[in-house]
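Colleague: So the chains spell out like this:
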Amino acid sequence: MSIAERLPASRRGQGAALAAGTALWATAYWVNGWLWDLVLYDVLGLEPDARLTETVHFFLYDTVKIVLLLVGIIFVITVLRSYMSIERTRALLGGRREGVGNVMAAGLGVVTPFCSCSAVPAFIGFVAAGVPIGVTLSFLIASPLVNEVAIGLLFGLFGWQVTAVYVAAGLTVAVVAGWLLGRLGVQRWVEPFVFETTLGGQVVDSTAGLTFDQRIQMGVEEVGTILRRIWPYLLVGIGVGAVIHGWVPTDFFTTYAGPGNAFGVLVAVGIGVPLYSNAAGIMPMVEALYAKGLPMGTLLAFMMSVVALSLPELILLRRVLRPPLLAAFVGTVATGIVAVGYLFNLILAT
Amino acid sequence: MIIKVLGPGCANCHSLERVTREAVDALELEATIVKVEDYPTIVGYGVMATPALVVDEQVVVSGRVPTAAQVRELLAAAAG
Chain A
1 MSIAERLPAS RRGQGAALAA GTALWATAYW VNGWLWDLVL YDVLGLEPDA
51 RLTETVHFFL YDTVKIVLLL VGIIFVITVL RSYMSIERTR ALLGGRREGV
101 GNVMAAGLGV VTPFCSCSAV PAFIGFVAAG VPIGVTLSFL IASPLVNEVA
151 IGLLFGLFGW QVTAVYVAAG LTVAVVAGWL LGRLGVQRWV EPFVFETTLG
201 GQVVDSTAGL TFDQRIQMGV EEVGTILRRI WPYLLVGIGV GAVIHGWVPT
251 DFFTTYAGPG NAFGVLVAVG IGVPLYSNAA GIMPMVEALY AKGLPMGTLL
301 AFMMSVVALS LPELILLRRV LRPPLLAAFV GTVATGIVAV GYLFNLILAT
Chain B
1001 MIIKVLGPGC ANCHSLERVT REAVDALELE ATIVKVEDYP TIVGYGVMAT
1051 PALVVDEQVV VSGRVPTAAQ VRELLAAAAG
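Heads up: the sequence lines are chains A and B, in that order. Count the first sequence with our numbering and you get residues 1 to 350, in order. Count the second sequence with our numbering and you get residues 1001 to 1080, in order.
Just so you know, the hints here were simulated from the structure itself, not pulled from any lab data. Heads up, some of the hints might be wrong.
What the hints assert, rightly or not - One side of the interface only, derived from the structure: several residues of chain A facing chain B at Cβ under 10 angstroms:
(1) Pro121
(2) Phe193
(3) Asp205
These numbers were taken from a predicted model, which means no experiment stands behind them. Positions of the beta carbon are idealized from the N, C-alpha and C atoms, including for glycine.
Could you put together the complete structure from these sequences and hints?
Modeller: Right under this line is the structure:
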């Protein structure tokens, strides 16, 4: 029996469950720091400044904080996004020209509920409906690059300025990369079967006609699904973050990848592209590295390169894109991310 | 009744297939469950978000895994 089926059936019961859930969430978030201070320093009598204590404190505090942030964010975003659908997005993009189309596609990539496991049918569906290849690619780049988990965690850990910078940068990369790839005349590098596929007559809007209860249920289920999928990445990420936090000397990273190193961003993106994780696994490391003095531009570039380009997604896209286009896709997006990293290091340093 | 589960073999597609089999058994329907995995056919149904459920050539769910209760309702309605 799934969690959603255990929710109360009556409207009043659901309202009460929602209110209780919100109150529980807020309380847990509020007592988190205080609780671990109490347990580690007072109950267990550990030395607050000792390295091991700091590492353990970082791990426990961050695990609870990040899980709470994720639960809240995923729930709210899933419910909000259930009012959009990939079918509506395609209808909005159909017949748009490049340029305006790329901008719209990147924006819609952020708000449309979309799993990169559906990248192939979405690609074929968009192209069959007359959406230009470049515009379709803008959508496929923006969707993982500017994702809800990263937005929520950045907001929770670093505040709204960094979050706004991240969203603006991600959208720009998606618009420019999609537009450039469209300009290259990449039709010849798309697998021919894509153009031969015709759409069925009966397009079903995947989220239309849901009741509010069903949207709430979807939110609850999505929280469970995503947490089940990402918890190993999350624990490894927080573990690495905790070790960096406690053991790595402050000048270690600043010497090799700090503001003084011209190749810092390149190195970060070079490591990030082949690394397969997700925003939730990367954010604790970003948090710990930022505290060690690494510049935000380098860290944002690192995070973007991890979430935007991943081997499993490239293997999926290989079904519709020929190797030259796939290589151009990776190259353009990676270059865009590197540019973003340098630009923000420059802006934020002054 | 012919029921088709559309999806390239991802985790969600397997859950949808399992939920559907449970619903068919619970309702004691005479139904054939077919898995459709090739992309042109999936898109041919107008489906862009997998997994999707097709009952007698009508797309009834797309882009999510419905609860067992929802699938039972859908199948009961389709069976008339």
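Colleague: Work down the list of hints and note, for each, if the structure agrees.
Modeller: Cross-check of the supplied hints:
Annotation: interface hint on Pro121 (chain A) holds; nearest CB of chain B at approximately 5 angstroms, less than 10 angstroms. Residue-level restraint check for Phe193 (chain A) holds (minimum Cβ-Cβ distance to chain B is 6 angstroms; threshold 10 angstroms). Because the closest C-beta pair between Asp205 (chain A) and chain B is about 8 angstroms apart, less than 10 angstroms, the hint holds.
Checked against the numbered hints above, the structure breaks none of them.
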